[in-house]
Amino acid sequence: MAATTFFQDTIRRNRELSAEGFNFIGTGVSGGEEGALKGPSIMPGGQKEAYELVAPILKQIAAVAEDGEPCVTYIGADGAGHYVKMVHNGIEYGDMQLIAEAYALLKGGLATFQRRAGANLHRMERR
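The opening residue of the sequence shown carries number 10 in this note's numbering; numbering runs sequentially from there.
Please keep in mind that the hints were generated in silico from the structure rather than gathered at the bench.
This one's a predicted model, so the numbers in the text were calculated from it and none came from an experiment.
Keep in mind that a hint or two might mislead.
Claimed, not checked - Listed next, with one range per pair, are the computed distances between beta-carbon atoms: (1) E43 <-> E134: 45 to 55 Å; (2) L115 <-> G77: 34 to 44 Å; (3) G117 <-> P65: 30 to 40 Å; (4) A113 <-> G30: 22 to 32 Å; (5) A109 <-> I66: 32 to 42 Å; (6) G41 <-> G77: 14 to 24 Å; (7) L26 <-> G117: 45 to 55 Å; (8) I70 <-> Q17: 40 to 50 Å; (9) A74 <-> H131: 34 to 44 Å.
Glycine included, each C-beta is placed from N, C-alpha and C at the ideal position.
Model the full assembly from the supplied sequences, consistent with the hints where possible.
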């Protein structure tokens, strides 16, 4: 499982599959278009033994940090990988909302300022 999945669904799937003898890795993936081209940040969660089996593959496909290390690390059991991805998305969406609101305030405020400045200049011109 990759990308964004509700972490509690990942916990449930992990437990159901573990009971049947299967390993399960719930993995948050981040990077968008750039990640598709250069490798994503990978946030795997699940059984540690399962992670150890797939870690070499994940490290090969992950983005590489400035220090040369792959952008992948074992996050923890069950839905930990998807939980971290959820928190990441919350921060990212909060940043986008802040930018949108700041833009709207600046745009509205500047438009008002421009109208007032224009009216004031027009009045001064008539004096």
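Now for the hints, and whether the structure bears them out:
1. E43 <-> E134: 45 to 55 Å: holds (52 Å)
2. L115 <-> G77: 34 to 44 Å: Holds, at about 40 Å.
3. G117 <-> P65: 30 to 40 Å: Since the Cβ atoms of G117 and P65 sit about 53 Å apart, the hinted range of 30 to 40 Å is violated.
4. A113 <-> G30: 22 to 32 Å: Since A113 and G30 have Cβ atoms about 54 Å apart, the given range 22 to 32 Å is violated.
5. A109 <-> I66: 32 to 42 Å: At roughly 38 Å between Cβ atoms, I66 and A109 fall inside 32 to 42 Å, so the hint holds.
6. G41 <-> G77: 14 to 24 Å: Given a distance of about 22 Å, which is inside 14 to 24 Å, the answer is holds.
7. L26 <-> G117: 45 to 55 Å: Given range 45 to 55 Å: holds, Cβ gap about 52 Å.
8. I70 <-> Q17: 40 to 50 Å: violated (27 Å)
9. A74 <-> H131: 34 to 44 Å: violated (57 Å)
Hint violations for this structure: numbers 3, 4, 8 and 9, all remaining hints satisfied.
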